[in-house]
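Quick mapping for you: the protein sequence lines, in order, are chains A and B. So that you can map any letter, position 152 of the first sequence is 154 in my numbering, and since no number is skipped, the others follow by simple counting. So that you can map any letter, position 115 of the second sequence is 117 in my numbering, and since no number is skipped, the others follow by simple counting.
Hints listed in this document are in silico derivations from the structure and should not be mistaken for laboratory results. Be aware that a few hints might be false.
It does not matter which identical chain is meant; a pair holds if it fits inside one copy or across any two.
As the list claims (entries may be wrong) - In silico lysine-lysine, DSSO-like type, Cα no more than 30 Å apart, as pairs:
(1) K64 - K245
(2) K52 - K33
(3) K94 - K196
(4) K245 - K196
(5) K52 - K64
(6) K33 - K196
(7) K131 - K64
(8) K65 - K52
(9) K131 - K196
(10) K196 - K52
(11) K52 - K245
(12) K33 - K94
(13) K65 - K245
Protein chains: 2
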Amino acid sequence: MTDRVTAAVLVIGDEILSGRTQDTNTNFIAKYLTTYGVDLAEVRVVPDVKEEIIAALNALRKKYDYVITTGGIGPTHDDITADCVAEAFGVKLYEHPEIIEMMQSRWQGELNAARRRMARVPEGGSLVKNGVQGPPGFQIENVFVLAGVPAVMRSMMDDVVPRLRTGAVVISRTVRVEGAGEGVIAEPLAALAKAHPDLSIGSYPFFGPTGYGSNLVVRGRDADLVERTVEDLMEALGDIGAKSIARVDA
Amino acid sequence: MTDRVTAAVLVIGDEILSGRTQDTNTNFIAKYLTTYGVDLAEVRVVPDVKEEIIAALNALRKKYDYVITTGGIGPTHDDITADCVAEAFGVKLYEHPEIIEMMQSRWQGELNAARRRMARVPEGGSLVKNGVQGPPGFQIENVFVLAGVPAVMRSMMDDVVPRLRTGAVVISRTVRVEGAGEGVIAEPLAALAKAHPDLSIGSYPFFGPTGYGSNLVVRGRDADLVERTVEDLMEALGDIGAKSIARVDA
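If we strip away everything but chain A, and leave its shape as in the complex, we get (with noise of 0.2 Å):
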């Protein structure tokens, strides 16, 4: 685990939290992090508050190899994720000459204040190009700072994976238990993990109405060492009486 490099996602909103509004960017980010070696290692989601906003950013960014940010920098008196990156970095938001060209052409002359927000950039800081609809998102030293819009913020993360040291990349396997519990998976399994350090060994149990078990995912960045210890794990529970034990990964 040497190489490992840690990112965490800082999700900026009052509609997650009040649960208008289910979030999907984490997960995206996630899958989008783990084929290219990045462990997301922390998600926090903080209201529309300039203070939280504020410490969240500081805590992840001295903790983490990188921060992404979702939400929060469109035109509207609400999204203050520039003002409060910029004021964590103690540095000042300035009009990007780009992004005023980029809306100029878009709205001719109608750039009006809300629209200039949207062009504020902290100094020092470098685009994110947005591929889809409106201005760019940005990076200022390890923090990306994107749209909360799925569909821009997806493409948004296009323009961020270039731009990461990426490690190496974890490989992931599935073996699914049914007809059998945890109750009886436990002993095996936590033989094999302890035996595996190195390795991350997890259970995800399912319940319903076609019946329980639970799904076995042995996760390591040794694609060798993963490989043997799926199939000494299938061993160790072939006297368990499951119904059935297979492998489920494509």
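Go by the hints and put chain B onto chain A.
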């Protein structure tokens, strides 16, 4: 906002951070709490790592009225939530006789070590009923420890909410603007937000194949004020050239 009651959700689970699982528990809890006038003020997702769980739990339980954790209370080696909660509170875990009895009647003699793990509750804790499957969760002081499996977590919330001090319920009203962007909505919206510091007024833009616009959400605990503000908002938006401006609440 004097009787504001706050809560935080602490999601414990590698499977959320790896992107394997889309967290839906937070959204369910957010809506449930909102209905009862409890403000979900922060969410954190942390991995199955003892130090991280304890640090997050201690930060959140001191800052908010309540903390609800999900995940990590099963019988497998990666289920370490109970251990972490006990350590955070500086107390010991003990096997709760009621859970042992419950499990003995279900599994007869087969109470192995893994299953007994699920009977462990911190000293001073009380049980949170599981109406679906398996052992209960528990409460210790202002912390509620629930399962991660959504169906189980949801049933446990029914036993959590009656124990909460609830606040004045937040009324939320939405105005959907089509065919006008936030750039022209921002100014009248900001004026209303400034005039009503006790309300939370947000703008949530959408873009799609069928058009673009924004959902404007007015939230507050004074129903009359929310209603008047929505009316003022619709009037103020009259001349921005939108295709349609309509209330979309049920």
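How the hints compare with the structure:
1. Taking the shortest Cα distances, K64 and K245 never come within 30 Å of each other, neither inside one copy (48 Å) nor across copies (46 Å).
2. For the identical chains of this complex, K52 and K33 are neighbours both inside a copy (29 Å) and across copies (24 Å), given an alpha-carbon limit of 30 Å.
3. With identical chains, the CA atoms of K94 and K196 are at most 30 Å apart between copies only, with a shortest distance of 24 Å across copies and 50 Å within one.
4. With identical chains, the CA atoms of K245 and K196 are at most 30 Å apart within one copy only, with a shortest distance of 26 Å there and 63 Å across copies.
5. When the C-alpha separation of K52 and K64 is checked against a cutoff of 30 Å, the pair qualifies both within a copy, at 18 Å, and between copies, at 20 Å.
6. For the homomeric pair K33 and K196, the shortest alpha-carbon distance inside one copy (27 Å) is at most 30 Å, but the shortest distance between copies (39 Å) is not.
7. Only within a single protomer do K131 and K64 lie at most 30 Å apart by alpha-carbon distance; the minimum there is 25 Å, versus 40 Å between protomers.
8. Both within a single protomer and between protomers do K65 and K52 lie at most 30 Å apart by alpha-carbon distance, with minima of 20 Å and 16 Å respectively.
9. For a Cα distance limit of 30 Å, the shortest separation of K131 from K196 qualifies neither inside one copy, at 45 Å, nor across copies, at 32 Å.
10. Taking the closest pair of Cα atoms, K196 and K52 come within 30 Å of each other only across two copies (16 Å); inside a single copy the shortest separation is 44 Å, beyond that limit.
11. For the identical chains of this complex, K52 and K245 are neighbours neither inside a copy (54 Å) nor across copies (34 Å), given an alpha-carbon limit of 30 Å.
12. Neither within a single protomer nor between protomers do K33 and K94 lie at most 30 Å apart by alpha-carbon distance, with minima of 33 Å and 37 Å respectively.
13. For the identical chains of this complex, K65 and K245 are neighbours neither inside a copy (45 Å) nor across copies (47 Å), given an alpha-carbon limit of 30 Å.
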